[in-house]
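Taken in sequence, the protein lines are chains B and U. Residue 185 in this note's numbering sits at position 185 of the first sequence; the count goes up by one each step and never skips. Count along the second sequence starting at 1, add 1000, and that's the number in this note's numbering.
Because the hints were derived from the structure by calculation, they are not lab data. Glycine is no exception: its CB is placed at the ideal position from the N, C-alpha and C atoms. Misleading hints may appear alongside valid ones.
If the Cβ cut is set under 10 Å, some of the chain B residues that face chain U in the computed set are [claimed, not checked]:
1. 93
2. 95
3. 242
4. 243
5. 249
Over 12 Å on every C-beta distance to chain U, these chain B residues come out as not near it, computed from the model [what the hints assert, rightly or not]:
6. 198
7. 238
8. 277
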Amino acid sequence: MVRWSADRGLQARMLLTMFLLAAVYLIFINVILAMGVGIQGVVLIMGVFLFIQYFYSDKIALASVGARIVSETEAPELHELVGRLCAIAGLPKPRIAIVRTDVPNAFATGRSQSSSVVAVTTGLLRRLDKSELEAVLAHELSHIKNRDVAVMTIASFLSTVASLIVQNIFFLGDRRDRESGSLVAVWIVSLIVWIVSFILIRALSRYREFSADRGAAIITGRPSALVSALMKISGTMARIPREDLRRVEGMNAFFIIPTGAIANLLSTHPPIEARIAALERLEREIL
Amino acid sequence: MGFLDFLLGSTKLPQPKSERLFAIATARITLEAKLGLKPTGNAAICIKPLESSTYERTRAEIEDLLRLGSREAGTAYRLENDSYGYLWVVLMDPEFEDLVSGVHMVVRSLTDSGLGQQLLCAVYPFSNGFKVYWIFSFKLGAYYPFVPSSEKPGRERDGALELRLRSVMAEELPIEKDVARWYPIWEMPL
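Required output: the full structure, derived from the provided sequences and hints.
Structure follows, in structure tokens:
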């Protein structure tokens, strides 16, 4: 229970960070425009950003979490497992990285199928058995196969461009009657556009998680292994109480647990329950 | 609770949500077909501790009701107190439908005599070598599964199986969404 609340706090902080990051981004663009750099200059800067994001995102992602690429002699079992799954999925074998943290997690990065990296944490390796680990790796390989890094990079780029375009409808208008009032309006509009696209990108990300789950189930042929891995990672199982109902009733326990509607809207991953339900449906189809 | 009640602070206690209790009658078929789980031939209602005067009256009322009911359907019954001071009405009948209607009868009678608030839960046990309990909470108005672990001794539960039960039965039973409210009941008298 303690670990759960700590995770929630972290999620809230990350969310705040992302909002602030975007706000900074907007301020940045507006300052440039105000300095009279002009649209061409802004587009050029955006292009450089996209270039960096697209070609260095894997290195940035790996460095930011402290992932270390491991060779075949360092982690033979992991390499063997990934190699076998790649043969089934028809993918070139990606590089493998390990992150030293007890938080169970895995991710895939890299702009193309051949330059990809699959990273797993030591916490994940410790908690999951072989079939569960196989399912998680297959999920990450599905991300690579679906080219999700490229898709998400382009999607977020378009969102930034969209907010820029909205601003330029105003800026390209009659400059003589532009007052401070309209400048405020520009800010509000660009912020709204950005928030909406932010939510949409998050939704897109969640759909791609579902399809990666589906891909993992198809590669391994065992949706139930991924279900069991998801339950272990999320700690859903740990949330089921052991305290007797009659004792809780006697203590007049209040049931105030916030519903996750807004959190769901903003998260990159669908709720575990929804992912498990989708996998169970898939299992019924396969069987 | 309406907005005006909220505004004026005249809070009414929520009535027990028992209308969804019946869902177990049809869910039982799926439980057997998909998971090989069969009803154990008994079911129970758990009632919160009452004041002594009310307690005697309620107990007599339930006994009268069950005596009448058992003559028709052949349902046997037993009343028992547990260590928490809760009253258990245990019904026994090989026909699952009779158990369901027996439970419903007791629940309606208690609600009619203004004791709906005292209803804690109804329990339907199933078995397939191991025991699975479907607990209906009157406060939540929903069911949730409870499977004591057959591997580990003591007060351990089989969470993996419970979550699997939820996904298999999600379409047929109203199941409490928040697993943190799936409070178990240990050492049930059935």
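Hint-by-hint comparison with the structure:
1. Look at residue 93 (chain B): its Cβ only gets to about 32 Å from chain U, farther than 10 Å, so that hint breaks.
2. A distance limit of 10 Å between C-beta atoms decides the matter here; for residue 95 (chain B) the minimum to chain U is near 33 Å, and the interface restraint is violated.
3. Taken as an interface hint, residue 242 (chain B) checks out: its beta carbon lies about 6 Å from the nearest beta carbon of chain U, inside 10 Å.
4. Because the closest C-beta pair between residue 243 (chain B) and chain U is about 6 Å apart, less than 10 Å, the hint holds.
5. Because the beta carbon of residue 249 (chain B) sits about 6 Å from the nearest beta carbon in chain U, less than 10 Å, this interface hint is met.
6. A cut-off of 12 Å between C-beta atoms confirms that residue 198 (chain B) is not in contact with chain U; the least separation is 27 Å.
7. Some Cβ of chain U comes within 12 Å of the Cβ of residue 238 (chain B); the nearest lies about 8 Å off, and the non-interface call is violated.
8. Against the 12 Å criterion, residue 277 (chain B) falls within the reach of chain U, whose nearest CB is about 6 Å from its own CB.
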